[in-house]
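Q: Residues per chain, in single letters:
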Amino acid sequence: MLTKELIRCRLDGGQLRPRFVDPDQDVLQHEAARLLAVYRASPAPTRGEIEDATAGIAATSPDAVLCRGLDKLLADRCEFAAPAEMDYEARRVAVFRAAGAVLRGGPPADLEAYRAAVMATAAGGTGGPDDDLYADLPENERLRHFRDLSPRQLLERYNVALVQALLLRSTHLEAVIGTAEPSRLRRLLKYLRFFRLLARLTPVAAAPEPPAWRLHVDGPISILAETRRYGLQLASFFPALCALERWSLETEVEWQGRPRRLRLDQSAGLVSHYRHFSAYVPEEIRLFHRHFRETVRDWQVTGETPFLRGSGQEMIFPDLSFRHGDGTVLHLELFHRWHAGPLLDRLQWLSRRPEEPLILGVDQVLARDEAVAAALDQAACFQQRGFLFRDYPTVAKTLKALERTRDGLGSSARG
Amino acid sequence: MVTVDFQYGTLLVHGPEAEMAPARPWCRPDDRVQGWRAEGMAYGPIILALHGAGVPYLDRARAFQPLSLVLADTREPRDYQVAALEAWQGQGRRGVVVLPTGAGKSLVAQRAMARTQRPTLVVVPTLDLVAQWARQLEAAFGVTVGILGGGERRVEAITVATYDSAVLTMEFHGNRFGLLVVDECHHLPSSSTQQLARLCIAPFRLGLSATPERDDGSDRLLDDLLGPICYRRDIDELRGRVLAPYRTVRLEVDLEADEQALYQRHRAVYTAFVRQNQIRLGDPRGWGRFIALCARHPDGRAALDAYLEQRRLARGSRAKYRILWDLFRRHADERLLVFTADNATAYEIGRRFLLPVLTHHTRLPERRQTLDAFRSGEYPILVTSRVLNEGVDVPEASVGIVVSGSASVREHVQRLGRILRPQAGKQAVLYELVSAGTSESYVSERRRQHRAYQRTHTLPS
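Sequences listed follow chains Z and F, in order. The numbering used here puts the first residue of the first sequence at 451, with every later residue one more than the last. The numbering used here puts the first residue of the second sequence at 13, with every later residue one more than the last.
In case anyone wonders, no lab produced these hints; they're calculated from the structure. Careful: at least some of the hints might be erroneous.
Unchecked claim - Derived Cβ-Cβ restraints for the label pairs, each shown as a range:
{"no.": "1", "chain 1": "Z", "residue 1": "A570", "chain 2": "F", "residue 2": "L376", "range": "55 to 63 angstroms"}
{"no.": "2", "chain 1": "Z", "residue 1": "R708", "chain 2": "F", "residue 2": "D311", "range": "21 to 29 angstroms"}
{"no.": "3", "chain 1": "Z", "residue 1": "A570", "chain 2": "F", "residue 2": "G389", "range": "40 to 48 angstroms"}
{"no.": "4", "chain 1": "F", "residue 1": "G449", "chain 2": "Z", "residue 2": "P588", "range": "33 to 41 angstroms"}
{"no.": "5", "chain 1": "F", "residue 1": "T283", "chain 2": "Z", "residue 2": "D526", "range": "32 to 40 angstroms"}
{"no.": "6", "chain 1": "F", "residue 1": "G294", "chain 2": "Z", "residue 2": "R708", "range": "37 to 45 angstroms"}
{"no.": "7", "chain 1": "F", "residue 1": "R292", "chain 2": "Z", "residue 2": "F757", "range": "52 to 60 angstroms"}
{"no.": "8", "chain 1": "F", "residue 1": "A126", "chain 2": "Z", "residue 2": "D526", "range": "19 to 27 angstroms"}
{"no.": "9", "chain 1": "Z", "residue 1": "R708", "chain 2": "F", "residue 2": "R313", "range": "40 to 48 angstroms"}
Stated by the list, open to error - To be clear about the criterion: a stretch of chain Z counts as covered by chain F if any three or more of its residues have a C-beta under 8 angstroms from a C-beta of chain F, and this derived list gives those stretches:
{"no.": "10", "stretch": "488-494"}
{"no.": "11", "stretch": "534-546"}
{"no.": "12", "stretch": "681-694"}
{"no.": "13", "stretch": "774-780"}
{"no.": "14", "stretch": "843-853"}
For clarity, every value in this text was computed on a predicted model and none was experimentally measured. We put the CB at the ideal spot given by N, CA and C, even for glycine.
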């Protein structure tokens, strides 16, 4: 993440304009490549060597702040290890014990005589008197792992990081997103949940195709006090937002002691580094699909799973949808071991909304949680519509829950 | 029926309109969840209000039960410790106890825990204090103590956490404790740190500090976060009784001619840059502006280098090192703590005099070994930048030497406190080395503005 002094932006009529770079510019790609070469050097450099080398590049750069910003992003991709050639800690213990003995005995007036006496006493250890006692400080740590990327990717990453650094200083964000695919909206809201953010979600009434949604994103406590506590989470969420094909963002950022407006949309050409997982189908789901198709006659797994409106502004994204030959459509939502809170919410919601076409699968490990076990025991809806699974649901248990629920709902679930 | 749930450090309150009335003063409507939301720390008042009004409620927020803690330490607390406990209990088991370093604040906390019998989170500013508190609490109650911080994430009925870890994890663990103890609680009001108290539902709260006042005046927030000050004793009130008798000595040293010339040259570059760019360093945002401008301005790099160099010269002059060596020899049979303002000076002293140095870079095992060796006397001198400023118990230390420091009154009082733990026959002395004719003189004057320093001795250098 870029720190405050590395943010390049200007004020234009009270509005913040990040100074994005053009990843296609040769001169910038060259500068990015020079920095990358420092981190890719063999043998692996120390932290101090990297800092010296990149400071030299920044000193000759036409834009030192940009150069140091790129360097910061590279430094964030590093893991360092302490030097292993000597046990410095043991060496220090030997020297300090010797120093303690000389000091307690009444040290000589001359400092050099004291040093010689200490090193003579400690000579049983390794190394001579000229060793740096503190050679294992962080500046001497060696690069152990560097998550490499191309010069272009670094420049693209920098543009996103500029926005993220500004969002660190914001209390909330307003976004408008447009996507025809529920899977993309689902992915976005998964990121929201992952970063423990909350959103007010409203459809944009007069939006052209594809359907558009307005999101007001902040955190649980935001409603009680304006806080920048969620700045880091908002910044972390942003790459998920700018990965959509149509998006816009508006927020206020604390800049130079005053709130300033930041507006951006897809025309900024930002490239998200968050991977798009929506096209990926996990192996166990493919196996489930195949087994279901081969063994069940009356039901089919449908290709697309819509979302349901939950309580408040919550949206429910089931994991699978099924259509019966008579037109009944039911959705399955799975709750894994880390989903205790959402499961308790869902049980309450379903008990208030028995007409909803939803069945629930709950991981056996989650069901052993004391609070969850009590809630499942008391929830009549779960007796009819729920089942337990280990790792992934079986076709047989899913089918039983589908049939029970279809019988219970009667004609109301028929599409 | 009103339901109260815990969500990420907040309380979600649902219930029929008519039954919500008692809880409403602490809640705001939240249309994101079609309910009401309150800060975690409103848990106690909300439950009390619902209970008092006879409204049926389901408390799903609280994830703790009463304990059966047995205090193994049967030492009689001192009269002022008993008075502090009574005052805290009298305020509904909320409030701040102000006692000088060495007066036994942790014993007050242990007694408070024994009286309250609830899972307790103790929050402290440094990893050294985490280790010290954990050791003391395990000995006091004979239980395994959980730790949050320094790579450990183990929550037990009694848990000790660093401020940083508590801020990060309170969203998840904020409903697991009935008592919150905040050591060195003058740190709590800063904007990010106060969140740990706001997100925690613990109805019982105890703050501990020797110096609760903050330069920015935000210490008044402690009333809200922990409760008002319930008991106070200052350093000079306990001196010679439960604290070691002490004196403070200020030693002014001159830079040598070449150092003086270099100092003036760099200082001129730095101050010219500040003047030319109309930076007001007295302004709260002045320093931030200077740093930001150094990154952008063509002359900024040179100005920053000049600033750092003049500061380095004043903090670590050759004369200071000579005096250090004299003091080490003068106090050869005592335990000395050497304080610096920065790591670079601390390591320079460590290399020059072959001494152990503790900074935030020191790994935990070495930290423990070094402190143990200092306590046992194997290492008679210990050099540190800031990590020992607060709380860590080294009663054997009787001499403190401040080679350099900030203008903070609190930091200076805390450093004095390190050498005041009582021991038989102990006479503590705190030396302060100041480079004459540099900005250090002004910095020194500012940090000495506390009643603990009203009787200063000056020794010939």
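Q: Could you tell me which of the numbered hints above are not met by this structure, giving the numbers in increasing order?
A: Hints 1, 3, 6, 8, 9, 10, 12, 13 and 14 are the ones this structure does not satisfy, whereas the remaining hints hold.
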